[in-house]
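Chemist: Chains A and B, in that order, give the protein sequences. Residues in the first sequence are numbered from 20 upward in steps of one, following our numbering. Residues in the second sequence are numbered from 4 upward in steps of one, following our numbering.
Derived by calculation from the structure, the hints in this document are not laboratory data. We put the beta carbon where it would ideally sit given N, CA and C, even for glycine. Among the hints, erroneous ones may be present.
What the hints assert, rightly or not - Among the chain B residues that face chain A by a calculated CB cut under 7 Å, a handful are:
| # | residue |
| --- | --- |
| 1 | 135 |
| 2 | 185 |
| 3 | 397 |
| 4 | 401 |
| 5 | 402 |
| 6 | 404 |
| 7 | 444 |
| 8 | 446 |
| 9 | 552 |
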Amino acid sequence: MKLVKRSGARLTCAVLAAGIMIMTALGVAMGDEKKSPNPLSGDPKAIEEGQHLFRTNVCGHCHGMNARGGGRGHPMAANLQKFKRGYSAFLKTVREGYKQMPPWGGGPQLDEETLNKIGAWLESMGQPESNWSDPRN
Amino acid sequence: MSRYSMWFVVGVTALVLVWSSFGTAQAKPVTDSDLMAPAGNEWLHGNGSLDGTRYSTLSQINSGNASGLKVKWISSLGGKTDAQATPIYHDGVLIIPQDNKLHGFDAKTGRLLWKNETEMPEDWGGQFVDFFTGKHRMAAITGESAIYLSNECSIHAVNYKTGEGVYRVKIDRIYPKNFEKSSDGNGYFCTSGPLAIPGGKLIVNMNATDTGGLQGYVQGHSAKDGSQLWAANMIPGPGEPGSDSWPGDSRIYGGAGPWIVGSWDADLKQYAVGSANAYPWSPYGDRDGRGAGNMRNEGAAAIVAINTDTGKVNWRYTVVPGDPWDYDAMQTPMLITIDGKKMIVQPNKTGYIHVLDAKTGKFQRAMQFSDKITWAKGYDSSGNPNWDFPIPEEGKTVEVWPSLLGGVNMYPNAYNPKTGLIYTAGREAGMSYVFEKVQVVSNVRNLGASFEVLPGGKEVERGNDLKSGKEKWRYETAKAGYSGGMLTTAGNLTVWATQGGEMTVADATTGKVLFQLAANATSKSGPMTYSVDGKQMITFAFGGTGGFGSVADDWHNTNNGSILVTLGQ
C-alpha cells in the first residue's frame with residue numbers, strides 16, 4: 020500500500036510538471052506571437068522621440084497629433100490607435116502607400132530607425148483591439 | 004436646269020441650313036455688362052456676382068412654394084476627390100471643374116456635353132500635394148471662353164459650347180515637386196478659380212503656402228491670351244508699410260497665399276482677397292523664425308485690396324497679427340453697402356465677422372458669430388485682437404477654440420440685402436495644438452506644429468443680422484463638419500447641403516426648413532441657381548468623403564458620391 024501511494028504521488032508530480040512545462044511553452048509561444056517585431060518596441064526613449072517624429076513629419080497632419088484622426092489631410096485618414104494589420108504591414112503601408120494614402124504620406128522618405136521610433140510610439144498609443152505583431156501564416 | 008429642278012435645289016438647301024442651325028446654335032459671348040450684372044437668370048461667377056455675396060435676384064422658387072421642389076435631374080461628375088467648385092451657368096450650359104478637367108453639362112437635362120482634360124507633370128508632387136490635387140473651387144467665363152486653372156497653375160480657356168481648347172498658358176511660377184525628384188520641392192499650386200472682370204482681365208490667386216511657404220501673389224492676366232499683366236505680393240516688400248513686421252528674410256517663405264476667389268469693386272477697380280496663414284505655422288522657426296509672436300507679420304492671415312488697373316496694393320488689414328493658430332483669412336471678402344457706405348465683410352476662421360471700409364481698409368468692427376472663442380476677447384477699436392492667452396512654448400499642448408479649421412472654413416458664405424442677414428457655413432469645434440521644431444527637407448520647411456480637432460462638435464448654419472451681429476436663426480446637425488456653403492435668393496430662400504448630404508432649402512428670414520432631401524453624399528461646395536427656358540433651377544455638386552478634420556468616431560457614414568443634383572418645380 021505504501022509503495023502504491025509513493026508511485027501515485029510521483030506520477031501526479033510528473034504529470035503536473037509536464038503540464039506546467041507545456042503551459043509555459045505555450046505561453047511563451049503565444050507571447051512571442053503577440054510581440055511586435057519592432058526592435059524599438061517598448062523603448063521609452065524611442066517612444067518619446069517617436070511622438071515628436073510622428074508630429075513633425077506629415078503623418079500627424081492627416082492622422083492628427085494623437086494618431087486617431089482629427090487631422091487636416093485626406094478625409095478618413097485611419098485611426099492608428101486601432102491599427103490591426105501588424106508591424107510589417109505598417110512599414111509596407113508607409114513605404115508603398117495604402118488605398119488613398121500615397122507612399123510616405125506624400126512627404127519625404129524616412130529611414131528605418133525613424134520608422135521604428137514612430138512605430139514604437141504608435142504601439143504605445145494602441146487601443147486594446149490594436150495588433151502590432153505580425154500575423155501567423 | 005428646269006424651273007422645278009431649281010426650286011427643288013433651293014428648297015433642299017434651305018432645309019439643310021435650317022437643320023444645321025439646330026445643331027450649331029449661335030454662341031452668345033459674355034459681355035462686360037453681363038459680368039457686372041447681379042446673379043439672376045445666369046450665374047456667371049463662382050460666387051454669383053462680382054461682389055461675392057452669392058445672392059440671386061431670382062424669386063420664381065420662393066418661400067411660398069419651395070416645399071414642392073422636385074429633383075429635375077442627376078448627373079455623374081466622375082470625380083475621384085472632393086467637388087469643391089460651385090458650377091457656373093451661361094446660355095444653357097452648366098460648367099464645373101473637377102480633377103483637372105473642365106465639364107460642360109446641358110443645364111436642362113444634365114447630359115454631359117463636353118469635357119476638357121489635362122494631366123499633371125511627371126515630377127508633380129511634394130508636401131501635401133496629393134491632398135490638393137484634383138480640387139478646384141471655381142471656373143470663370145468671358146466672351147466665348149470658359150476658363151479654369153489646372154492644379155500646376157496653367158490657365159485653360161475652352162469654348163463654352165463645344166469644350167474645344169482656345170489656349171493653355173502655364174503661369175510663370177514653379178510648381179511643387181516630388182521630394183525624390185527635386186532638391187527644392189517648393190512651388191505654387193492652383194485650387195482657386197480665376198475671376199473674370201470687365202476689360203478682358205482674369206484675376207488669378209497664386210498660393211504656395213502649405214507646400215513650403217513661398218509667399219502668395221495675386222496676378223492679373225489677359226483673358227484673350229492668358230499673358231501676365233501684373234503681380235501683387237501679399238506680404239509687404241521692402242519700402243511698403245508693414246515690411247518691418249517680418250524678421251530678416253522670413254517673408255520669402257512666409258506663406259500668405261490667397262486660395263479662395265475674392266470680390267471686385269467696379270468703382271474702385273479693386274480686387275479684395277483673403278490670404279492664408281503665416282508660414283511655418285510655428286512662430287519660433289529657426290533662422291527664418293517669425294519672432295515667436297512678437298512680430299505682426301503683416302499680409303498673412305489678412306485681407307488685401309489690389310488696384311486691378313495697376314496691380315498695386317491699395318491696403319492690407321491683418322486679421323490675426325503674427326498668426327500662431329493657422330487662422331487663414333482666406334474667405335471671400337464680400338462687398339456690401341451698409342447705410343450707404345461700401346464695406347468689406349468677411350466671416351473668417353477666428354469666429355468673428357470682420358467689417359472694413361472698402362476704400363481704405365479701416366477697421367469698423369468684428370462681430371462674434373461662433374459660440375465659443377478662447378484665443379481672443381474681441382477686437383479693440385484699432386482692429387487688433389484682445390489676445391486671451393500667450394503663445395505656448397514648443398512642446399506644450401494647448402486647447403484653442405475655434406480649431407484651426409475655423410468658425411467657418413472655405414465653404415462660401417452668403418448675404419441677402421432683403422433680409423439684411425449674413426449666412427455662414429459654420430462649425431463648433433476646438434483643437435489640441437502643439438508647436439514642434441521646424442525641419443527642412445528638399446528646401447521645404449514643414450509646418451512646425453501638430454494638432455487634433457477635438458471629438459464631438461457640431462455643424463451650424465446661421466443667419467446673423469449684418470448691422471448688429473445678432474444671430475437670428477440657426478440650423479444645427481448633431482454630426483461634426485461644415486456644410487458645403489450657402490446660397491440666398493430674392494425669393495426669401497437660403498439654401499445649403501450639410502456635410503452628411505441633406506439638401507436644405509430654408510426661409511431666409513426665419514430659418515424654417517421648407518424642403519429637405521438626402522443625397523447621402525458629402526457636400527463640399529455651395530449650391531447655385533439660374534433659369535433655363537423660363538424655369539428656375541437650383542444645382543448642388545457633391546463629392547468627397549465626410550471625415551475631413553474629424554476623429555474617426557465622428558466621420559459621416561457616406562461613400563464618395565461625385566454627382567450633380569438639380570432641383571426645380
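Chemist: Please list, smallest to largest, the hint numbers that this structure does not respect.
Modeler: 1, 2, 3, 4, 5, 6 and 8
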